[in-house]
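Engineer: Single-letter residue listing:
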Amino acid sequence: MAIEVRIPTILRNLTDDAKVVEGKGDTLAELFTDLDSRYPGIGARIVENGKLRRFINVYLNDEDVRFVGGLEAELKDGDNVTVLPAVAGGSL
Amino acid sequence: MRYDSLLDSLGGTPLVGLPRLSPSPEVRLWAKLEDRNPTGSIKDRAAFFMIEQAEKDGLLFPGCTILEPTSGNTGISLAMVAKLRGYRMVCVMPENTSAERKQLLAMWGAEVHFSDAAGGSNEAVRVAKEMAEAHPDWVMLYQYGNPANARAHYETTGPELLADLPEITHFVAGLGTTGTLMGVGRYLREHKPDVRIVAAEPRYGELVYGLRNIDEGFVPELYDESLLTTRFSVPADAALKRTRELLDQEGIFAGVSTGGALHAALGMARKAEREGRSADIAFVIADAGWKYLSTGAYEGTLEEAEERLEGQLWA
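Chains as they are written, first to last, in full-length UniProt numbering: chain A, 1 to 92; chain B, 1 to 315.
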């Protein structure tokens, strides 16, 4: 189960500057636990008290995971996950 | 159609079918042409409603100064209304926005203060809040948290859509202040509880996400997640590709953020087709492409255009 995970600039100090890392897990929660075992500290920057942090957005195949099961969202081989800080919209 | 003044002509924009991009007669796409507003974007609705409300509340009277963080369209709309109503307009804008937007703001008499490109609109919001504290007599309408922004869409955009397309099954729009999606979403849900409300959020280059720490992140005060069915993050290459498809196939010359909304709308259309359901999917053309010509979004190959957009606020 290889899942590609894109890491935002602000968390790359924890991944030796890697923009993309691979992880595994049947759910998003398992994926972050797996990542944290290899990149200690990254889990706590994304998840707090069992929930996604307020200013962190996580996208599974470009869809916001808050709408597809949150941390319990199921993953399958080849999925890609993008982690981004929440920012104010563009032009608007 | 005749109106007493430019401001009276606000809204009432056409909803046009997209026969070539729609996958089948049962699954149809519809574009709401918001570039047909007084200054050429959907933001005219919010700007007008926010200023009217502030006048009613006694916060704004001739001679006042309006302050707003904006990377373009809202500032342009506010500057136009401010000029007609006798207010001074100050915008705080990230420096990496297109040249046209800067020129248009100046044309309508707005003063522009630039914030660092790093941090994007977050930084503009932060700087504007600081300036508001330093000038307590200035009025910050604050589109990200002003209920009149969402109310503009609850009272105008939403009813227009339902009147033109009573069979609507999906509404798709870009996500920035969230005003359009919150206002239209709330109105449509009250009248058609099963309608799907879908957000298309632009995904910028890395510079824009260059915050110093995660706690600087930002969620607009207007945002109510429970009104959305789902939310997509649309990368710049997909938004560009769809913007060009819209031009090639349907003749509509839209800004790049509209390509993002079309991308999400087409995703919804494919899903409805797979599930064998009919669908009428309306999405928002937020503005036309004129203001983005200098970004190079419409020139050369997609790869070249994408490279040129890196580091710019394209929506």
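Keep in mind the hints are simulated off the structure, nothing from the lab.
Since the structure is predicted, the reported quantities are computational estimates derived from the model, not experimental observations.
Among these hints, one or two may not hold up.
[Stated by the list, open to error] 20 angstroms max Cα-Cα, derived SDA-like pairs, lysine to any residue:
hint, chain 1, residue 1, chain 2, residue 2
1, A, K51, B, V219
2, B, K271, A, K19
3, A, K51, B, E206
4, A, K51, B, Y223
5, B, K129, A, F55
6, A, K51, B, R270
7, B, K271, A, F67
8, A, K19, B, E306
9, A, K51, B, D215
10, B, K241, A, F67
11, A, K51, B, E306
12, A, K19, B, G205
13, B, K271, A, N61
14, A, K19, B, K192
15, B, K192, B, L227
16, A, K19, B, K241
17, A, K51, B, G205
Engineer: So, for every hint listed, does it hold in this structure?
Structural biologist: Now the hints, each set against the structure:
1. Distance hint between K51/A and V219/B is fulfilled; the C-alpha atoms sit about 16 angstroms from each other, no more than 20 angstroms.
2. A C-alpha spacing of about 31 angstroms is found between K271/B and K19/A, which places the hinted pair above 20 angstroms, so the restraint is violated.
3. Restraint check for K51/A and E206/B: not satisfied, since their Cα atoms lie roughly 25 angstroms apart, outside the 20 angstroms limit.
4. A hinted pair counts as satisfied when its Cα atoms are at most 20 angstroms apart, and K51/A with Y223/B qualifies at roughly 18 angstroms.
5. Our distance criterion of 20 angstroms between C-alpha atoms is met by K129/B and F55/A, whose separation comes to about 19 angstroms.
6. As the CA atoms of K51/A and R270/B are separated by approximately 31 angstroms, the hinted pair breaks the 20 angstroms bound.
7. Straight-line distance between C-alpha atoms of K271/B and F67/A comes to about 16 angstroms, which keeps the hinted pair within the 20 angstroms bound.
8. A hinted pair counts as satisfied when its Cα atoms are at most 20 angstroms apart, and K19/A with E306/B qualifies at roughly 19 angstroms.
9. About 15 angstroms separates the Cα atoms of K51/A and D215/B, which keeps this hinted pair within 20 angstroms; it holds.
10. Using a Cα cut-off of 20 angstroms, the hinted pair K241/B and F67/A is violated, with the two alpha carbons roughly 26 angstroms apart.
11. For the proposed pair K51/A and E306/B, the alpha carbon gap of about 34 angstroms is over 20 angstroms, so the pair is violated.
12. Distance check on the hinted pair: K19/A and G205/B sit about 13 angstroms apart at the alpha-carbon level, within 20 angstroms; holds.
13. Only pairs whose Cα atoms come within 20 angstroms are accepted, and K271/B paired with N61/A is accepted, the gap being roughly 15 angstroms.
14. For the hint pairing K19/A with K192/B, the CA-to-CA distance comes to about 43 angstroms; that exceeds 20 angstroms, so the pair is violated.
15. A hinted pair counts as satisfied when its Cα atoms are at most 20 angstroms apart, and K192/B with L227/B qualifies at roughly 13 angstroms.
16. Restraint check for K19/A and K241/B: the C-alpha separation of about 24 angstroms exceeds 20 angstroms, so the hint is violated.
17. A hinted pair counts as satisfied when its Cα atoms are at most 20 angstroms apart, and K51/A with G205/B does not qualify at roughly 27 angstroms.
Checked against the numbered hints listed earlier, the structure breaks hints 2, 3, 6, 10, 11, 14, 16 and 17; every other hint is satisfied.
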